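A.B. asks: Here the protein sequences come in this chain order: A and B.
As numbered in my numbering, residues 1 to 260 make up the first sequence, in order.
As numbered in my numbering, residues 1 to 258 make up the second sequence, in order.
Rather than coming from a laboratory, the hints here were simulated on the basis of the structure.
In this text the structure is predicted, and so the values were computed from the model without any measurement.
By construction, the Cβ of each residue, glycine as well, lies at the ideal position given by its N, Cα and C atoms.
Some hints here could point you the wrong way.
Said to hold, decoys possible - Part of the chain A face toward chain B, derived, beta carbon under 8 Å:
1) 28
2) 144
3) 146
4) 152
5) 153
6) 160
7) 168
8) 171
9) 204
10) 207
11) 209
12) 210
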Amino acid sequence: MIELLLPPLLAGLAVALVAGPMGAFVVWRRMAFFGDTLAHGALLGAALGLALDVSLYLAVVAVCLGLAAALTALQRQRQLASDTLLGIVAHTTLALGVIAISLQTGIQVDLFAYLFGDLLAVGSQDVIGLWLGAVAILVLVVWQWRALLSITVNEELAQVEGVAVQRSRLLLMLLLALLIAGAIRTVGVLLITSLLVIPAASARRLTHTPEQMALVASVFGTLAVLAGLAMSWFANTPVGPSIVVAASGLFVLTLLRRPA
Amino acid sequence: MSEPLVNVQSVSVTLGGNAVLSDVSLTLAPGRITTLIGPNGAGKSTLARLVLGLVSADRGAVHRRKGLRVGYMPQHIKLDDSLPLTVDRFLWLAASGPTSARRAALERAGVAHLRRRAVQQLSGGEMQRVLLARALLRKPDLLVLDEPAQGVDVAGQNALYGLLKEVRDEMGCAILLISHDLHLVMAATDEVICLQRHVCCSGSPESVSRDPAYHELFGPSAGTPNLALYTHDHDHDHDLHGDTRHPDHHHEGPCNHD
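Just chain A, with the same shape it has in the complex:
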């Protein structure tokens, strides 16, 4: 049993750990819909990876980064609100991804696994890749913490105080794209944002500083992964949705506590 559960457990924990601080930024900067859009684009990336026979992670990261850059450029125009733009881009890329996957001939592709995750299928190779990515993201976030937090609090103050605002914003998007590419195997394209947003939202009521919130979010994410895997194991439910339901359960529990 443990050999069977260990890779999914380790993979889930790597994602949950990073989703703490990254999810906090998503909540603070109101980027939930943006994360969703990147995630939907990730499906298109996965389809392209399969079609071109290149690494799935590489293709997903490339498409996510391209999307992030395109969205930043599109947001400069003022006629359409950014959520309208995101709605257009998110669902266009999702539709294109589904079409591209259905066009693959000869390969049996499990669309469901991409949409809702297939954590139980990850191998030891994936686990190593996920942990390398997780450590890289965490190191960068900790190293650039003050700059990232400064631009989140107020971009103009940050710029006056010498923070490279554009570079920091780009870094944040890049890290988010990396995380989403990794997380596609755990909870799938449609549920990734929840793993970012729900633990961070749960942590908000219990914390007084940004650092505490990021840390507590990681803990909540970890608990959700453990509970979701257990639920999946004993009740034979799909893993991705089980993790999300567990995270939501934790969120409801935090609502019972008076806000900090």
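Given the coordinates of chain A, assemble chain B onto it according to the supplied hints.
C.D. replies: Frame of chain A, contents of chain B only:
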């Protein structure tokens, strides 16, 4: 005279098709307090933002001394409630360093008791003083304050301008102030620049208050005797709440304003 910190030379700025500043020049030197006055929409904030590097010039040039450390106190900032942030952590973002430095900066701005409070819970006046503390914490060569007296009562404003003079004397920094109230600012400023998209008049507060261009801009009431210049004499001391501060009475603990 020492090298200027910032030199703005015949700058024009257009924002959204509107000429906001045209042919404006300004020099900021260490140890001098310069005040920008002018009606709403005169381009005061834009000129300050130009000095800060947040706006770029369409014509003309802005020279900043290399390695210039700037402290900026914006009019107000909006913080999302989803971000848990104490005043102490907010100050840490401007300059890492020991807690004692942050405590001293807050003390200087008269809000030491707010250090552990959540930034979102501060009143407008408290937030202003916290922003001032954050600017001071950076030990700036240049301090830029946008309408610092907003939401502060008259006694508090006097205390604030008194404090700015002290800061200038201690740190030797240049200070650029934006105000629409000339009278209170007068006593605490070396140079006044009267702005209405271009520089209408400039010079010492006394000379500007006698300038016809100033009266044209602010109307006939601008120089009436009952609004005489305020000169701050230091036989006693105010804190920023406007209370008189006695040397043997230490002001401590949270103030309960109802």
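A.B. asks: It remains to establish, for every hint, whether it holds in the given structure.
C.D. replies: Hints, one by one, checked against the model:
no. : hint : result
1   : 28   : holds (5 Å)
2   : 144  : violated (13 Å)
3   : 146  : holds (6 Å)
4   : 152  : holds (7 Å)
5   : 153  : holds (6 Å)
6   : 160  : holds (4 Å)
7   : 168  : violated (12 Å)
8   : 171  : violated (17 Å)
9   : 204  : holds (6 Å)
10  : 207  : holds (5 Å)
11  : 209  : holds (5 Å)
12  : 210  : holds (6 Å)
Of the numbered hints given earlier, the model fails hints 2, 7 and 8; all others are met.
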